[in-house]
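Chains B and S, in that order, give the protein sequences. According to my numbering, the first sequence holds residues 155 to 421 in order. According to my numbering, the second sequence holds residues 155 to 421 in order.
Fair warning: there could be bad hints in the mix.
Simulated restraints, written as ranges between beta carbons of each label pair [to be verified]:
(1) S:E347 <-> B:E382: 28 to 34 Å
(2) B:K263 <-> S:V346: 19 to 25 Å
(3) S:E301 <-> B:D356: 49 to 55 Å
(4) S:S265 <-> B:P229: 33 to 39 Å
If you are wondering where the hints come from, they were derived from the structure by calculation, not from laboratory data. Just so we're clear, the structure is a prediction, and the values are computed from it rather than from any experiment. Idealized CB from N, CA, C, for every residue including glycine.
Protein chains: 2
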Amino acid sequence: MGFLRFFFLFSLFSFAFSHESLNSHVLRRPLIIQYPENIIENQFKESVDELQLQCNSWRFAVETNNLSPWKAIPPECAGYVKDYMMGRAYRIDLETVSKEAGDYAKSVKLSEDGNDVWVFDIDETLLSNLPYYSEHGYGLEIFDSVEFDKWVGKAMAPPIESSLKLYEEVLKLGFKVFLLTGRSEIQRGVTVENLINAGFQDWDKLILRASEDHGKLATMYKSEKRNEMVEEGYRILGNSGDQWSDLLGSSTSIRSFKLPNPMYYIP
Amino acid sequence: MGFLRFFFLFSLFSFAFSHESLNSHVLRRPLIIQYPENIIENQFKESVDELQLQCNSWRFAVETNNLSPWKAIPPECAGYVKDYMMGRAYRIDLETVSKEAGDYAKSVKLSEDGNDVWVFDIDETLLSNLPYYSEHGYGLEIFDSVEFDKWVGKAMAPPIESSLKLYEEVLKLGFKVFLLTGRSEIQRGVTVENLINAGFQDWDKLILRASEDHGKLATMYKSEKRNEMVEEGYRILGNSGDQWSDLLGSSTSIRSFKLPNPMYYIP
């Protein structure tokens, strides 16, 4: 390609100089405008930019809950999602959410009865499964519960650092912390082990799916559990989750905080 | 700066060639790595990239409703918001939302009683006030209701094309279309005029704030109006709005569609 480029350029120059005395205007234009490699490069850059815009727009639709339930990321956005998750953008987005949540937590005057609650989801909220998803196409592969449960069984998921900071802040401020996860009751042991390994401690409740909760949509299951909290006299002042099904439904929190997650969707 | 750069480069070359016979390895490195203007350019590029990431993250927080009520965009993101609103990204985001909404609308089986409703907000949902905001810093200036009402009075806001397309689609499918806006009842005349000028017609209701609605938060006012629709026997299947206060609260729609708007926030 380099040789062809040089050859083409050389031919153009020869052509340009051989006609210089006739009409220089005619010659200047093709030299600048019709150099084909530049056009190809520009077209390539434009299509990369266009894909970036399209995938950004898809992520906007994910994060605003505009999409109907989806099972895998669009194949053309595979590189985009990988770059987002592994680069600075995901971390900055996480930090921005935690900072907002922390500012709100500090601004709230808690009552003295100890019934003010902050609810946290676990996966992609407190613990990061990025080591697992990096081996499974960052959401490009259809979710494989058997493989994922093997990963969960290792209790090795690292903390999301900005969430750990928020977690410690709200505990210190006097909130009760309830962990509400879609994980199964059978996984209680490994979940506790993983949370402690990752630096989380002193939660007040850890609520997992009991046998009667299996098959329920997450929005329903989590709403029911929040309803129970409210019936027990708790006030849910804050709720952090990476899925809208963590945050919407009934007995919703006074403020909800949506963490980024373009890798998967839980209805 | 250009002169200094040339001078520095010239000095390096002189230095390089004068010592060429001694140790070429020593000389090649400073020529490539320590050229200080490159460092400054890189640092500038890095800080531009960092600002882009921070403003992107702020926009993510806006669109996911993670922020507490805000009155103006962050000054450091003024250029970012302008570029977003005037460039392809805003249009693509609008088109993505409308496409999703249209796909959903087509997938719904409507009942025969004619009580299936799609609710549309007006400003930044059907009509674009970008001509106004482009004269007022794209959200950098604190909202000036007197100036804005003058603009509304002109009835000149253009349609958001992708929303007009959706609007016509849902009408054709047989939905009743209810327009629910935070504009005042006094502005009914100019609002109807503007909607028609922009190509909107055949809506079933146009609901504006009556005198008793002034001072209510938008979430409350819009929830009350949706409650009334439900009490009258309507089923709200779709709702399009650029503010979360268009979409959240009570009698929420089966599916809600959040249009992008990083310029202002209505609680």
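Hints and how they fare:
Look at S:E347 against B:E382: about 52 Å separates their beta carbons, and that is not inside 28 to 34 Å. Checked against the hint of 19 to 25 Å, the pair B:K263 and S:V346 fails, with Cβ atoms roughly 46 Å apart. For the hinted restraint 49 to 55 Å between S:E301 and B:D356, the CB-CB distance of approximately 52 Å keeps it satisfied. Checked against the hint of 33 to 39 Å, the C-beta distance between S:S265 and B:P229 comes to roughly 37 Å, which is consistent with it.
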